[in-house]
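Protein chains in written order, with our numbering: chain A, 862 to 1139; chain B, 862 to 1139.
Derived from the structure by calculation, the hints contain no laboratory data.
The C-beta atom is built at its ideal place from N, Cα and C for all residues, glycine as well.
There could be a bad hint or two in this list.
Covered stretches of chain B (in silico footprint by chain A; criterion: 3 or more residues with CB under 8 Å from a CB of chain A, positions within the stretch not fixed) [what the hints assert, rightly or not]:
hint, segment
1, 862 to 868
2, 875 to 888
3, 1001 to 1008
4, 1021 to 1032
5, 1090 to 1097
6, 1115 to 1128
2 protein chains.
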Amino acid sequence: MIVGGSEDRKHDMRVLTRFVELCGGADQPVAVVTAASQIAGEVFEMYRAAFAELGVTHLSHVHLDSAKEAGSEKLLAPIRAARGIFMTGGDQKRLLDMIGGTPVHAAIASAYANGACIAGTSAGASAMSRFMLAEGKAELEPEKGAIRLSPGLGLVERVVFDQHFAQRKRLPRLLSILAERPDLYGIGLDEDTALLISPGRGIDVIGDGAVTLVDGLNMISNIDALDDGEVPRLIDVRLHLLPSGTRFDAGAGANNPIPAPFQDFFDAITQPEQREPS
Amino acid sequence: MIVGGSEDRKHDMRVLTRFVELCGGADQPVAVVTAASQIAGEVFEMYRAAFAELGVTHLSHVHLDSAKEAGSEKLLAPIRAARGIFMTGGDQKRLLDMIGGTPVHAAIASAYANGACIAGTSAGASAMSRFMLAEGKAELEPEKGAIRLSPGLGLVERVVFDQHFAQRKRLPRLLSILAERPDLYGIGLDEDTALLISPGRGIDVIGDGAVTLVDGLNMISNIDALDDGEVPRLIDVRLHLLPSGTRFDAGAGANNPIPAPFQDFFDAITQPEQREPS
């Protein structure tokens, strides 16, 4: 469950409610991972209150201030036990510095492989993919050299996520990624909005806004001829806008069949075969 | 020449310099049409100073405060004589109220047919097409019912122009148009940026920013099933970004050939056959 940040935590809590359902209900163990944040206590308290409101009975706080802590049984036990893992916002680089390649990372990947619901919001959303946005300017136009990718948690392949998407007007930044990495799909998530990827089964859009998907596989660009800071010419970017309530199901005879021009993108994000961290 | 507004009028004046060249040089007669504006005197004074700086020797001011004036020989003579007509910003509805279907409109269309350079900036840019954006909200997401089109000057077919595009983050508004009118192409022009359409010959992008083109001909949307205010699901919008310096030429053996996925769009905006007002 990839959340665009600022999900409602006090009123309708649509995104968090769905998360709890996907964990198997409020009596199932949930772990909140705040390793992306430098104000972890405050952030955990916010989610503690929200999940208490939703009736969650077994909530653990997983936090690290150093990657050295990532082997500790005290942190690993709640992750192994969890039916839901929620990664908060903060800075995705900090999150990867703390847990990337550690036993915590491996435990999250195992939980995912075993059917636990893994959610990330804001920085926690960006970190979900194999390549994540480590740095990126959001200018008026895409620019060569405006973004830098680094390894993420690798739970989703061939995709880069960006969050606070409509609110912070980040399409130029997403197109900057596409211009440099046309082999990756770009997904922009609005605030209080989640893309739920059910491996091998389908996708849902939940919450208040929409998800914007950009596909540069057919794109013709002049990026190789440019200097840093120049605006690329991009021809034939494919853009899909999926508002909240959108649902597509995999397989023949599905209730919500996938439109043909979206099939490859859908397959890329829902393919279940690769779930281990790199 | 379709200008996204706020073109530089004091320093490099790249867009206005190109306009003067396209008029045939600074000794050719130029008419500035301020009918879109309610502060016409001020607006004309700004352009008078800019064109004086560029050495323009024959500048006329064409203004109307009522469509009744649009038959006056005093207004028609400078338009008929002009090798360049520059339509300023203001409100495109006011511009059409003043000149739509009048002898002034016919004289502008004739000047265009006779090879004069017709430029419009901001409201003057929006007014160029057969259908123009009369009203439109620019929300975070496209919405059903967010826009209303009305007849424009009809110098360009099958296109809707929007201006101040990157600066005012108007992609959602342009997608709102596309969702309701997938038969029209959408073109968003950044400030201080112009799209030069040379009928039958080619296009150039001039100035500081870029031109964003969206094509919904292949789009799959659910707009018909929605109520006003709802966000449409849009699958397979084609997006092209053309930065300043982009040039495409029509015809076999062109120096700057048109990429295949852009050919239909290019043909739609450069086809020379229909230039008379409706």
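Inset, instruction - State whether the coverage of the segment 1021 to 1032 of chain B by chain A holds or is violated, taking the criterion as 3 or more residues with Cβ-Cβ distances under 8 Å. - result: Three-residue rule met by the segment 1021 to 1032 of chain B, so holds; n is 4.
Inset, instruction - Go check the segment 862 to 868 of chain B versus chain A for me, would you? Three or more residues, Cβ under 8 Å, otherwise it fails. - result: Violated - the segment 862 to 868 of chain B has 0 residues with a Cβ nearer than 8 Å to chain A, which falls short of three.
Legend entry - chain A over the segment 1090 to 1097 of chain B, status - at least 3 residues with CB closer than 8 Å: With 7 residues close enough to chain A, the hint holds.
Legend entry - Coverage of the segment 1001 to 1008 of chain B by chain A (three or more Cβ within 8 Å): holds (count 3)
Legend entry - chain A over the segment 875 to 888 of chain B, status - at least 3 residues with CB closer than 8 Å: violated (count 0)
Legend entry - Coverage of the segment 1115 to 1128 of chain B by chain A (three or more Cβ within 8 Å): holds (count 3)
This entry does not satisfy hints 1, 2, going by the numbered hints stated previously.
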